[in-house]
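Asker: Sequence:
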Amino acid sequence: MKFIIMGSGESGSGAVFDYLTNRPDVFDPINSEFRLVQDPGGLVDLYSSIVLGFHVNRASNAINRFKIFCEQCGRPKSKVYKGLFSYKYGLNYAKHIENYFEKVDKFISRITHVNYSGMPSCERLNLNTFDVIKYELKRKKAKRNNEKPYVGEMYLPVSEEIFLKETELFLNELFSVNESSIKNNIVVDQGGSLWAPVTTTKFYGERKAVVVTRDPRDIFSEFQFYGQAYPGADVEIFCKWYEGVMSNIDKDEWKNDIVLHIRFEEFIKNFDEEVEKLNKHLNLSDDEKYAFDPDRSVKNIGKFKKVLNTDDVKYIEKKLNRFLHF
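Residue numbers in the sequence shown follow my numbering, run continuously in steps of one, and reach 326 at the last position.
Simulated from the structure, these hints should not be mistaken for laboratory data.
Just to be clear, a hint being listed does not mean it is correct.
As the list claims (entries may be wrong) - Calculated pairs, PhoX-like style, for lysine-lysine (alpha carbon to alpha carbon, straight line, at most 25 Å):
no. : residue 1 : residue 2
1   : Lys299    : Lys314
2   : Lys67     : Lys165
3   : Lys289    : Lys255
To be verified - What follows is a set of in silico ranges between Cβ atoms, one per label pair, in the way DEER data are often shown:
no. : residue 1 : residue 2 : range
4   : Asn128    : Asp272    : 31 to 37 Å
5   : Glu136    : Ser247    : 44 to 50 Å
6   : Ala233    : Asn270    : 31 to 37 Å
7   : Ser159    : Lys240    : 38 to 44 Å
8   : Ser109    : Arg58     : 18 to 24 Å
9   : Lys251    : Lys280    : 20 to 26 Å
10  : Ser159    : Glu136    : 34 to 40 Å
11  : Ile237    : Asp295    : 30 to 36 Å
12  : Arg110    : Gly244    : 36 to 42 Å
13  : Asn128    : Asp25     : 46 to 52 Å
14  : Lys299    : Glu71     : 35 to 41 Å
15  : Asp311    : Ile258    : 52 to 58 Å
16  : Glu136    : Asp39     : 29 to 35 Å
17  : Glu160    : Asp287    : 41 to 47 Å
Every residue gets a Cβ at the ideal spot worked out from N, C-alpha and C, and that includes glycine.
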């Protein structure tokens with residue numbers, strides 16, 4: 001069974017993930033957040049290009065973008081490394097997933113109905129100066145020879161049905177573990193969208209989803225120091241942002257049987273009860289030993305009292321009152 005844990009920026013989902021990975025019957029296959037599904041260029045974008053307003057150029061672009069994104073995720077993680085001409089970040093998937101790049105290439109092949117040389121105008125708009133010069137030289141040479149310039153690579157994807165089948169197979173290949181291992185459950189950190197936990201996890205096949213939320217006052221206090229993608233400098237902007245993102249939650253999906261909503265504060269303060277609820281949802285035994293210590297996370301509840309000034313706290317409590325956890 002696959003367990004997909006989802007949060008939204010300092011939501012406390014890491015505590016749930018840590019508890020699960022400290023069980024002997026749960027396996028973390030990549031030792032990192034799994035970004036290949038929900039991030040731009042990931043499987044959600046790829047799937048959308050096939051089923052929503054299909055256009056061959058858009059679908060081809062999505063496959064090309066997915067190839068690039070997979071390569072970026074496969075590169076070394078923690079620190080930048082020196083490429084030929086530049087420094088690049090990565091997520092180090094290739095270190096933890098055996099034959100990662102080979103599996104990606106095979107997946108691309110299986111979801112491609114046909115591929116051929118070509119470059120539509122929408123792609124040419126993205127060429128840098130050097131590539132424009134190369135393209136023009138090839139085009140002029142081909143024109144002199146009364147030929148068509150073949151530059152770039154185009155992909156026509158398979159049907160939605162085949163895509164979903166192959167995507168589930170692809171994820172199974174990435175997360176494969178020895179069948180004899182007692183760790184026959186796989187937990188995936190951030191492997192889908194908090195806002196649409198059913199739709200964005202359909203690629204996994206049989207799975208359970210857990211969405212984790214946290215009091216917005218503590219989230220804003222964390223944003224003062226962490227989370228480069230989130231607003232932490234202005235309380236008014238934060239409140240507009242938080243209300244906006246939370247309004248995008250698909251409430252029907254949160255009510256789905258495969259989804260369990262956990263509040264970070266309750267998970268830590270009422271750990272035994274919450275773990276029992278979580279284990280029941282995931283069909284895990286309550287008898288397994290684990291190394292996770294909830295007391296280490298108690299300090300992260302009410303953290304805003306030490307970090308935020310009184311005016312900011314009052315503003316959040318006024319604007320986001322319906323989202324407060326305590």
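Asker: All the hints need checking, so say for each whether the structure fits it.
Answerer: Against the structure, the hints:
no. : hint                        : in the structure
1   : Lys299 - Lys314             : holds (21 Å)
2   : Lys67 - Lys165              : holds (19 Å)
3   : Lys289 - Lys255             : violated (30 Å)
4   : Asn128 - Asp272: 31 to 37 Å : violated (58 Å)
5   : Glu136 - Ser247: 44 to 50 Å : holds (48 Å)
6   : Ala233 - Asn270: 31 to 37 Å : holds (34 Å)
7   : Ser159 - Lys240: 38 to 44 Å : holds (41 Å)
8   : Ser109 - Arg58: 18 to 24 Å  : holds (20 Å)
9   : Lys251 - Lys280: 20 to 26 Å : holds (22 Å)
10  : Ser159 - Glu136: 34 to 40 Å : holds (37 Å)
11  : Ile237 - Asp295: 30 to 36 Å : holds (34 Å)
12  : Arg110 - Gly244: 36 to 42 Å : holds (38 Å)
13  : Asn128 - Asp25: 46 to 52 Å  : holds (50 Å)
14  : Lys299 - Glu71: 35 to 41 Å  : holds (39 Å)
15  : Asp311 - Ile258: 52 to 58 Å : violated (42 Å)
16  : Glu136 - Asp39: 29 to 35 Å  : holds (34 Å)
17  : Glu160 - Asp287: 41 to 47 Å : holds (42 Å)
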